[in-house]
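Heads up: the protein sequence lines correspond to chains U and H, in order.
The opening position of the first sequence corresponds to residue 1153 in the numbering used here, with each subsequent residue numbered one higher.
The opening position of the second sequence corresponds to residue 837 in the numbering used here, with each subsequent residue numbered one higher.
Honestly, the hints are just simulated from the structure, not real lab data.
Mixed in with the good hints there might be a few duds.
Stated by the list, open to error - Footprint (simulated), chain U over chain H, 3 or more residues, beta carbon under 8 Å:
#1 1069-1075
#2 1138-1149
#3 1162-1174
#4 1266-1272
Claimed, not checked - One-sided excerpt, in silico: chain U residues whose CB lies under 8 Å from chain H:
#5 L1162
#6 E1174
#7 R1177
#8 A1180
#9 G1190
#10 P1193
As the list claims (entries may be wrong) - Residues from chain U that face chain H, not an exhaustive set, calculated with beta carbons under 7 Å:
#11 L1168
#12 H1179
#13 Y1191
Note that beta-carbon positions come from the ideal geometry of N, C-alpha and C, so glycine has one too.
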Amino acid sequence: MSDIPLPPALEAAHALDPELIEKSRAHAARLVAGLEGGYKPDEEPAHIYQAGGSQ
Amino acid sequence: MSDVDLGYLSIVDASKKLAAKELSPVDLTEALLRRIEAVDPQLDSFLLVDGDKAMASAKAAESAIQGGRRMGPLHGIPYALKDIVDTAGLRTTCHSEILKDNVPKQDATVAAKLKAAGGIMLGKTATHEFALGGPAFDLPWPPARNPWNRDHHPGGSSSGSGSAVAAGLAPMAIGTDTGGSVRNPASCCGIVGMKATYGRVSRAGVFPLSFSLDHIGPMTRTVTDNALMLQAIAGADKRDTASANVAVTDYTSGIEGGVNGLKIGYLRQFHEVDLPAHPDMAAGLDAAVDVLRSEGADIQDVGFAPLADLAATNRVILISEAYSIHRDWLASRPQDYAKATRDRIMPGAFFGAADYVDALRQKTRYLARFNKMMEDYDVIICASSMDPACRIDDEPEVDRTYGRQARTPFNLLGAPAMAQPIGFSKDGMPLSMQIVSRAFNEAMIYRVGRAFERVTDWTNQRPPVG
């Protein structure tokens, strides 16, 4: 996650705002740290098109 | 009636008058167009007003009603659409330089449904760029303002819809909500905003922000008006992969049922422990819960996962999906985005595939906890925003307070959640609560919201915009 290199396609955005990439990398790392983690192998992801587990 | 009184007429009252032929859709639409011309230069809530088409629709509605062909409660009622909702032949810009000349060929399903219900489309409303970011001054159009104090922001991203409805420029508007964007402007502007269950309202023809979190919702000044609007736009749609094949409930038949005997959980942890709220907001929430208790509800404290963790899960999913949508434009035209939008999408470049899957696995855990909790309660009451709306030009304060909210959990959970006004801060800015329930239980939310509204006067207040 935080060690993902800058995608070449974002060089123009980087040139526009040199701080953006590092701020974004740090923000992504903070968000991922908010996941509980420790998922067991059989803990499946929620279907992305699902409300309340009822569909 | 004066233009001001017509502007603040509820859908319920306007509909009665239209059905009784005491009011013409033409007179109502003309009054609102005059109000938009007079008031909106202070608010910038509309990006585009289509007066000619609105008047043509109003005349057609008048002719149909006069001829005994009234289609229902929304026939002849004007509305506005957030400018990420496609309108055939009419510019849909997402409030962005990137799509400033975009003219869709087909109406979004929600636009088609309002048209089919006989509504009169007034125009397209301002939004945060692509329904993300924040109030921005580096876009082709200015940001919408809050009618309670035009120096303050109106919330977002459905900022123009919230501002226009609160200012009596339209009795109803469509907003969209991926991390709270119907409920935030509803909270900031003192109106009612419903994010219905995921899949309840078709997303077809609405520019996506995050496929698995996007919701479309009604914004109105009263609870019953909101129920009427949801009734018109809810339902299965083959154009939307996520559309739920679940029967649509009658949202108004039980709306006057009151709260006597209902079990209501008060999720004060969100605004007392996780993100301590502004004292006016905290006091307003306690007072609102006291009103429901005095109406006979059985109120019990409940707890749930920490807001910060819920928000992080929402954001990993939202930003990953948003980055997937925007990365080609971010590569080729980064200068055409507002700085605030770039700032919020770019972290998506730094999530790994496993991070995204982990967030979806985390969502499964939260869904299980939420569904278990909701076995014991009819609805949950919690905060929406932790703070009243701040000044629109105070960028650090906007950044600080935008994240201090309790709306993202219910995008993640797909659960219906409604923001409703509960009073005003000492500075005169609206305060709000959320009413939340289990999937597809919107009728219960409306029943509780209406019970509160019936014994309070918050939805009848008018902002100082003339």
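Going through the hints against the structure:
1. 1069-1075: Per the Cβ count (0), the hint is violated.
2. 1138-1149: holds (count 5)
3. 1162-1174: holds (count 7)
4. 1266-1272: violated (count 0)
5. L1162: holds (6 Å)
6. E1174: violated (10 Å)
7. R1177: Check passed: Cβ of R1177(U) comes within 5 Å of chain H, closer than 8 Å.
8. A1180: At about 4 Å, which falls below the 8 Å cut-off, the nearest Cβ of chain H leaves the hint on A1180(U) intact, so it holds.
9. G1190: violated (10 Å)
10. P1193: violated (11 Å)
11. L1168: Status holds, d = 5 Å.
12. H1179: Holds. Min distance 4 Å.
13. Y1191: This hint holds: Y1191(U) lies near chain H, its Cβ roughly 5 Å from the closest one there, short of 7 Å.
Hint violations for this structure: numbers 1, 4, 6, 9 and 10, all remaining hints satisfied.
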